Structure formats: C-alpha cells, structure tokens
Amino acid sequence: MRRWHDVTVSLTGPAAARLYDQHVDAVYSYAARRVGSDAAVGVVEEVFEHALGRQAQRPEKTSSDLGWLFAITTAFLRRHSATERERLLKWTGARATGSGSIPRATDPLLSSGAEDAAVATAAKVMAAVAELEPEDRDLLFLVAWEGCSSALASAATGIPQGNIRSRLSAVRQELRRRVTDIERAAESIDDRAEDPS
Amino acid sequence: MNPVQVVEAARPDVGPMPAAERRHVRELLFDVAMRAQTEHKPMEVRSPNTRRSNALRLGALGVLGALAVGGLAFSASRDTGTSLNQPTPDTGPERTTTVTTEPERAIVIDPPRPTTAPTATKLAIPGSAESPLLLPPERTRLDELTVTPMQLGGSTLLLRASDLTTLGLREADGLKPPPPEPPTTEETGETIPTLPPREFNGFTVLAPDETGAYTANISCGSLTFAEGPGFVPFRPELNRLLQSVSITNGSIDIALPDGWQLISEGPSVNEFTFGLPVAVGGIDIVVTLTQYPKGSIAQAAYGDRQLTPATFRGQPAWIHRSPDDLGAFDLVGMLGTTAFRVSARDITLVELEFVLSQLLSGDVDEWIRRFGALPTETDPDIRTCSAQPSFSVS
Numbered sequence: 003m004r005r006w007h008d009v010t011v012s013l014t015g016p017a018a019a020r021l022y023d024q025h026v027d028a029v030y031s032y033a034a035r036r037v038g039s040d041a042a043v044g045v046v047e048e049v050f051e052h053a054l055g056r057q058a059q060r061p062e063k064t065s066s067d068l069g070w071l072f073a074i075t076t077a078f079l080r081r082h083s084a085t086e087r088e089r090l091l092k093w094t095g096a097r098a099t100g101s102g103s104i105p106r107a108t109d110p111l112l113s114s115g116a117e118d119a120a121v122a123t124a125a126k127v128m129a130a131v132a133e134l135e136p137e138d139r140d141l142l143f144l145v146a147w148e149g150c151s152s153a154l155a156s157a158a159t160g161i162p163q164g165n166i167r168s169r170l171s172a173v174r175q176e177l178r179r180r181v182t183d184i185e186r187a188a189e190s191i192d193d194r195a196e197d198p199s
Numbered sequence: 019m020n021p022v023q024v025v026e027a028a029r030p031d032v033g034p035m036p037a038a039e040r041r042h043v044r045e046l047l048f049d050v051a052m053r054a055q056t057e058h059k060p061m062e063v064r065s066p067n068t069r070r071s072n073a074l075r076l077g078a079l080g081v082l083g084a085l086a087v088g089g090l091a092f093s094a095s096r097d098t099g100t101s102l103n104q105p106t107p108d109t110g111p112e113r114t115t116t117v118t119t120e121p122e123r124a125i126v127i128d129p130p131r132p133t134t135a136p137t138a139t140k141l142a143i144p145g146s147a148e149s150p151l152l153l154p155p156e157r158t159r160l161d162e163l164t165v166t167p168m169q170l171g172g173s174t175l176l177l178r179a180s181d182l183t184t185l186g187l188r189e190a191d192g193l194k195p196p197p198p199e200p201p202t203t204e205e206t207g208e209t210i211p212t213l214p215p216r217e218f219n220g221f222t223v224l225a226p227d228e229t230g231a232y233t234a235n236i237s238c239g240s241l242t243f244a245e246g247p248g249f250v251p252f253r254p255e256l257n258r259l260l261q262s263v264s265i266t267n268g269s270i271d272i273a274l275p276d277g278w279q280l281i282s283e284g285p286s287v288n289e290f291t292f293g294l295p296v297a298v299g300g301i302d303i304v305v306t307l308t309q310y311p312k313g314s315i316a317q318a319a320y321g322d323r324q325l326t327p328a329t330f331r332g333q334p335a336w337i338h339r340s341p342d343d344l345g346a347f348d349l350v351g352m353l354g355t356t357a358f359r360v361s362a363r364d365i366t367l368v369e370l371e372f373v374l375s376q377l378l379s380g381d382v383d384e385w386i387r388r389f390g391a392l393p394t395e396t397d398p399d400i401r402t403c404s405a406q407p408s409f410s411v412s
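These protein sequences, in sequence, are chains A and B. Throughout the first sequence, residue numbering follows this note's numbering, covering 3 to 199 in sequence. Throughout the second sequence, residue numbering follows this note's numbering, covering 19 to 412 in sequence.
These are calculated hints, taken from the structure and not from any lab test. Computed from a predicted model, the values in this text were never measured in an experiment. Backbone N, C-alpha and C define an ideal beta-carbon position, used for all residues, glycine too. Misleading hints may appear alongside valid ones.
[What the hints assert, rightly or not] Anything over 10 Å on all C-beta distances counts as not near chain A; from chain B, calculated:
1. A27
2. A190
3. P254
4. T266
5. G277
6. E283
7. F347
[Claimed, not checked] Derived Cβ-Cβ restraints for the label pairs, each shown as a range:
8. B:R41 / A:R81: 20 to 28 Å
9. B:A38 / A:T182: 44 to 52 Å
10. A:R81 / B:E148: 27 to 35 Å
11. B:A38 / A:G164: 25 to 33 Å
Just need the whole structure built from these sequences, with the hints factored in.
In structure tokens:
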C-alpha cells in the first residue's frame, strides 16, 4: 500500500494556496500585458492548474517560485501568439488593457505632438518586437515589462544567467535593425505616395 | 532612447487580477481542499436536516411520480455497470438480500460549477492497483473530506457469532489502553455502579462503554472488541469468544468457538472519506464514502454497528441499519482490492449504485492533486516493548 509518507509532492494544500495567493497577480499582469486581460484570466487558470498538477512538480534547481511560474506562463502564452502579434502590430499606445487596469494620466511634460511622436516610435518598435524570435521576445518582455532580474529572467527562460545581458544586447541590436527596416519601408511608401509617377 | 527603453516606456498598465476572477479561478483550482486545508480547519459537515428533509419529502410526494418517470428515463440512458468493476470480496455472507431493480427517482450529484478547464476522466478500473480510489466528479462541492492515517501496526478482524451477531476486533501497536474510568454519574447525581473488569487467559477486559466496545488491558499495545450498543454486558456468546482468546508475548491467539466464523481480516490502512451531496428525487442527502485501498471489510466495518448480509452490485456485502434511524444505513463491501463503507440515509441500494457509478476512478496522487497533501503522522512511535500484539485465528 502507498503510505502517505511515501508520496512526494512538492506543492499541495497550504503550500499550493500560498503559491497562488502570492503570485497570481504577477502571473496575471505578465499575461495581461502580453495578450490582454480577457485572455489573461484563462492563462492564469492554465498556469496554476499545470503548476499544481502532479505532472509539473517544481524543479529543485529553480530557485524562485515566480521564475518557475513565469516559465510556465511563457509557455502557455505561446498558445496566444497570434493574439499577441496582432496587438503588437496594431500598437496604439493605449496603456490600459481593459477591465481591472489602472488608467495612466497623460504626461504633462509632453506636448500632444511629442506624445504622438512617442506613440509612433513605440508602434514601430512594437512592430519590430512582433518579428523577434519568440525566445527573444519573451526575454525582452520579462525584463522590460516585468522588471525581472537576470536570475529571475534566467529561471523563466532557461537562458543561463550569465548570458542574459549579452542576449538582451543582441535583442536591442536586432530591434534597431528591424526598426530601421520599418522606417525605410515607410519612407519608401511615403516617397511613392508623394511621387505617384 | 534605444528600442528596449521604448518598450519599457510602452509598458501597459495592468492592475491586479479582478477579485471576482481571482476568486473564481481559486475555487476552480482548489475546490474544497483550499477551504479545508489553507484555513487549517476541517470542512464544515452539512448533515441532512431530518425534519426539513421529511417535510420536504411530504411536500414532494405529489411530484415524485413525475420525477420517477424522469428518473427511469434518465437511469435507463446510463450504463451503471461501466464504472465499477467486479470485485473480489472477502469471505461473503451466505444469506443475502439481492437488489436487482433500477432506480426510479431522479438522482443528481451536486452539479459542478462552470469552468473552462478540461475535466480529467480516467478510464481505469476503480479498485485496481492503479486506480484504487473512487473520486467525486471534478469540482463537485463536498460536505466532508478527511484522510485518516492507518494505525501503527494495527489490524482488524470481523467475526460472526453462532447467533449471527457480528463482532469487530482491533489491535494496534504500542498504544496503551486508557485507564479504567471512574464510576459515572447521571444528571441526578445518582452513582451508577460500574461493572468490574473480567479476567481471561492472560488479559483483563473492562466493562463495555456506551458504544458497546470492550477494551482489553494487555501488556503492550491495544486490543478492543466492538459489537455495538444494546447488548447485555459480557453476554454468553461474547464470553465464549473471550474465553477462546489467549495472549502470549503479544500474540493474540483466537480458537474460534463452535458456530463462530471469521468474515474478514486485514492490516490497518489509510482511510479516505468524502461526503457527496446528492439530490435523490428532489431531496438533498449526503452520501459519505470511506475507502480503504488494499484494506479489508473488517476495517471498513469496524465500529459500533451490527452487520447483516446484503448484496451490492451482485457482490456480497454487509449492511448496518440503525434501529433508531430506519432511513440510515452503513454499507460495507469491496471494490476490487479497495474496501469501502458508504453511509447514507433515505436512498435505496439501487440508487446508491447509480451514485457510485457516476464517480471517477483515481489513485492517491490524484486525490492529493485535487484535495491536497495527506495528513502527517501525529502519533509518535512508542513501540518500546518487543511483544507487539498481532492476531492469530484458528
């Protein structure tokens, strides 16, 4: 007979409850920023159902519960890659993502023109982000949006901690290149519009 | 600004997860286990309100006919024999009451709450080594949820006397029997004389308590005889059995008297209990299922109950009906290698079969996944003497 002390599970009962209560908002925020608040609720359910299931015990080498949960969340977000891509390509600069979000006041130091320019720049960068390799996009959002440290980003992505900075640097260069391509493409379109002949 | 800084600046503002969604997902994930374990208190047990239930039943009599028609159609559409396997029971009773009819009342297990999560369904056979447990449907509200660890080195016997009464015997390692209680007093203050202990072959047996259980004073561990209330203390049939018991160096040797028979025996195992709310013919009841993977009928039946033979799903079983509450019963039997006891009231055995057929098969890991970790052992190992008790029946 299987005795209770022969059974090894890492996250059950109170431990599982604590895990949920401590990290549900972080997981939700991460998901909502990437795929929107409506899809994020489903992602949260999937993430914790998987994390608390017996088939996905927390790896011993993972030093951070949040890093482990971010890793699971990142995996489940792949199912919503089409939604995320659409959001990135149609970036409008709207910072609130729906119900439950916190509206941000307009920056008073920016004129409306400057703000428009900032939104336009962001739209170009986000379009470039949409074309990144999925692993690079994951790392970028974990660091830039979730404020992950190198250790946390490493736990969430599986990239060795020592390589996080260099990988980010490569992402930055890739984004610059892609933004430049987008700007050139836009200029080309503008030129053709001005000179239809 | 470099592109990464642009991305940082464009970070969408997201508030915390909306409270309703957060609570909803929490309930979906943890079901009753969350409430039972994170708050470190047992589930509130909602016993059926007998008076209310009876009143409802009287009021519902007029509509029971219509419900019976629906129930017949409903039950006819279900194959109640697909979820439960054919058990290999312990020694079965020789005279049985066979139930072969179909349930006639509509039976509804507390419906699960809506969810977008996939519902796990195992097709494995319940009571097998791989799936020793029956589990409630996913996300069903439960009225009780407990796991009781096995008794250290314990084992249980179920005997049947020549007068067809039953007797449970339980021994456990290292746990000293409680000291004799002082004479009890009634509310009037009148002292009731307590029967003196009786000496037998190497052990002393105290007078029975109010549940009809006799505690034996043995040198190490514990030994209890349970026949239930309502019998004359040390009645002749029991005395015959006690006189046939001898204890030497912990070995509890029982030479069964003429007419006595061994029904079941087995070691103590963990017991898993849940109370399932069920609406039978529109009346809310609770079916409490206790399961003993690799356990015995003896353990499932042990307690202050007398058992008579019955048949459940075509297999030998034992049933206890309380003389004080005719609607209530305990049914004990085997599902494969798992012993079970069902406690319920106001439900027929056919209807009970239907309820059990709606349960899912699973294992201990599945139980833990849904309801949380099993309780930790609280009794210290105090087996300081070498002659720990064990049964030997001949």
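Quick rundown of the hints versus the structure:
1. Remark: the non-interface label on A27 (chain B) conflicts with the geometry, its nearest Cβ contact in chain A lying 7 Å away (cut-off 10 Å).
2. The beta carbon of A190 (chain B) is kept farther than 10 Å from every beta carbon of chain A, the shortest such distance being approximately 16 Å.
3. The non-interface label for P254 (chain B) is consistent with chain A: the shortest C-beta to C-beta separation is roughly 38 Å, beyond 10 Å.
4. Every beta carbon of chain A lies more than 10 Å from that of T266 (chain B), the smallest distance being close to 29 Å; the non-interface claim holds.
5. With a least CB separation of 33 Å from chain A, G277 (chain B) remains clear of the 10 Å interface cut-off, as annotated.
6. Every beta carbon of chain A lies more than 10 Å from that of E283 (chain B), the smallest distance being close to 15 Å; the non-interface claim holds.
7. No beta-carbon of chain A comes within 10 Å of the beta-carbon of F347 (chain B); the shortest separation is about 28 Å.
8. Range check, R41 (chain B) to R81 (chain A): about 24 Å between beta-carbon atoms, so the 20 to 28 Å window is met.
9. Take A38 (chain B) and T182 (chain A): their Cβ atoms lie about 46 Å apart, and the range 44 to 52 Å holds.
10. Between R81 (chain A) and E148 (chain B) the CB atoms are about 31 Å apart, so this pair conforms to the stated range of 27 to 35 Å.
11. Restraint check, A38 (chain B) to G164 (chain A): a C-beta distance of roughly 43 Å breaks the suggested window 25 to 33 Å.
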